[in-house]
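Undergrad: Chains as they are written, first to last, in our numbering: chain A, 1 to 80; chain B, 1001 to 1080; chain C, 2001 to 2153; chain D, 3001 to 3153.
Please note: incorrect hints may appear among the correct ones.
In silico DSBU-like pairs for lysine-lysine, Cα to Cα no more than 35 Å straight-line [claimed, not checked]:
(1) C:Lys2131 / D:Lys3131
(2) D:Lys3131 / C:Lys2003
(3) D:Lys3003 / C:Lys2131
(4) D:Lys3003 / C:Lys2003
(5) D:Lys3003 / D:Lys3139
(6) D:Lys3139 / C:Lys2139
(7) C:Lys2003 / C:Lys2131
Output of the computed footprint for chain C on chain D, the stretches with three or more beta carbons under 8 Å from beta carbons of chain C [as the list claims (entries may be wrong)]:
(8) 3021-3028
(9) 3089-3095
(10) 3100-3108
(11) 3115-3123
Derived from the structure by calculation, the hints contain no laboratory data.
For clarity, every value in this text was computed on a predicted model and none was experimentally measured.
Just so you know, even glycine gets a beta-carbon here, dropped at the ideal spot from N, CA and C.
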Amino acid sequence: MNTIRVCAFGPLTEIIGEVPIELGVELSVSAADLQSELLRRFPGLGERQYRLAVDERFVEGEERVGGGSEVALLPPFGGG
Amino acid sequence: MNTIRVCAFGPLTEIIGEVPIELGVELSVSAADLQSELLRRFPGLGERQYRLAVDERFVEGEERVGGGSEVALLPPFGGG
Amino acid sequence: MAKTELIIEPDRFLTEGPLPGERISQVLSRLSADPRIGGVSSFAGLVRADETDAGRVSAIEFTAHRSMAERSIGELIERTADGYESPVLHVYAEHALGRVSVGEIPIIIVVGASHRPEAFGLCRDVLEALKAEVPIWGKELTDTGGHQWKVNN
Amino acid sequence: MAKTELIIEPDRFLTEGPLPGERISQVLSRLSADPRIGGVSSFAGLVRADETDAGRVSAIEFTAHRSMAERSIGELIERTADGYESPVLHVYAEHALGRVSVGEIPIIIVVGASHRPEAFGLCRDVLEALKAEVPIWGKELTDTGGHQWKVNN
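Generate the whole structure from the sequences, applying the supplied hints.
TA: What follows is the structure in structure tokens.
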């Protein structure tokens, strides 16, 4: 098993917390499957919009997220 | 006879000078006739666009300019 | 449309000599005391060293029909502000007279509004109306001792 | 299109704490040293005392995905500047992190260009792209101790 670190930002910290969580995965996982697993653990995510980013780039759907990655959960932005 | 003081602005000062000139008129004169008289005295005005203003308001065509008025000759603006 | 409070500054639009660059921050500091203002759009014009038929511009000498300019700037700010809705619109407009050298500032406009579209839109509208309607002239002086008159489009 | 020189400032886009209002005049002063620049358009955002369901806003607490934000601001400035032609485009963009109270400044954008349409247009484009694309979040804190999250349209 490898681990993926998941870090929440903005309002999602109210659901997941400020501290990154770790998920065990095989070699890699699809972005969609990762989101399903997060939803199972944090049902509050079901009401929230957010995107995933790895290495400062968005990932989605069938794109693979490798073990050892850091994944950012990015809700809609509020800068400016 | 009454007099009208005519004051040039911007590039028109190169034709008419910085010092206001005085024109004798009867009770009043139309804006168009005033422009004709100015053109007779200063043929260089023929190549120039400008508008007349009295009391900070534009006058033109058959509008009357009374004796005793101060008339400003306003070429295209260049502020900003 | 909802009622808009329109605040116009300063009392006199025309100033002798180039405008200080600190002006924008000074106005911004005053605007920040109004808790209704969320966006401030500013414009500063600078004299460019343009190449012209008369040589390279080194300065612009500005003159105006002063009383008419003061009157027309007030009128055009009120007219352009009429197109915007905001709890408050705060407009500062200032123009230099006399010699303004390359890199110096002949014009500053600062507009504060509740939201950014009104601040940007009105700042630009005031600038465009000012260039078209306010009786100011600029004599561009060049490095060869020549000159030409600036004409706004 | 003719070649445009694009200058982007500062090295780091994110700053701890509210931005100083003097910043705009400081940047303007630097831009005035470039004789190709004729117009400088600036924007400053201010925290408004909005009435919300959670109470009256007294401050916004800003957080960011810092590395992603720094990267995305540089990319979006280059992309938006691509739409403009000017001998020089000079873009300064800065955003606050942490607590910014009502009347204080969370964002400043300053754009210098040869002519005013490019300065106004690019300043606004950078602002809009920044609000849509840069991973920053604002937690609006209210006078009743409540909060809500700011969401850009």
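Undergrad: Under the criterion that the straight-line Cα-Cα distance not exceed 35 Å, is the pair D:Lys3131, C:Lys2003 satisfied?
TA: With a Cα-Cα distance of about 28 Å, the restraint between D:Lys3131 and C:Lys2003 holds, given a limit of 35 Å.
Undergrad: Just to be careful, I want the Cα atoms of D:Lys3003 and C:Lys2131 compared with a cutoff of 35 Å; is the pair within it?
TA: holds (28 Å)
Undergrad: C:Lys2003 and C:Lys2131: Cα distance at most 35 Å?
TA: holds (28 Å)
Undergrad: At a Cβ distance under 8 Å, does chain C reach at least three residues of the segment 3089-3095 of chain D?
TA: Violated - the segment 3089-3095 of chain D has 0 residues with a Cβ nearer than 8 Å to chain C, which falls short of three.
Undergrad: Can you confirm whether the C-alpha distance between D:Lys3003 and C:Lys2003 stays at or below 35 Å?
TA: violated (47 Å)
Undergrad: Taking a Cβ-to-Cβ distance below 8 Å as contact, does the segment 3021-3028 of chain D have at least three residues touching chain C?
TA: Result for this restraint: holds, n = 6.
Undergrad: Run the distance test for C:Lys2131 versus D:Lys3131: straight-line Cα separation, threshold 35 Å.
TA: It holds: about 32 Å lies between the C-alpha atoms, which stays within 35 Å.
Undergrad: Check, residue by residue, whether the segment 3100-3108 of chain D contains three or more positions whose beta-carbon lies closer than 8 Å to a beta-carbon of chain C, and give the verdict.
TA: Per the Cβ count (4), the hint holds.
Undergrad: Are at least 3 residues of the segment 3115-3123 of chain D within less than 8 Å of chain C when you compare beta carbons?
TA: holds (count 4)
Undergrad: CA of D:Lys3139 to CA of C:Lys2139, is that 35 Å or under?
TA: violated (52 Å)
Undergrad: Do the alpha carbons of D:Lys3003 and D:Lys3139 lie within 35 Å of each other, as the hint requires?
TA: violated (42 Å)
Taken one by one, the earlier hints fail for this structure at numbers 4, 5, 6, 9, listed in ascending order.
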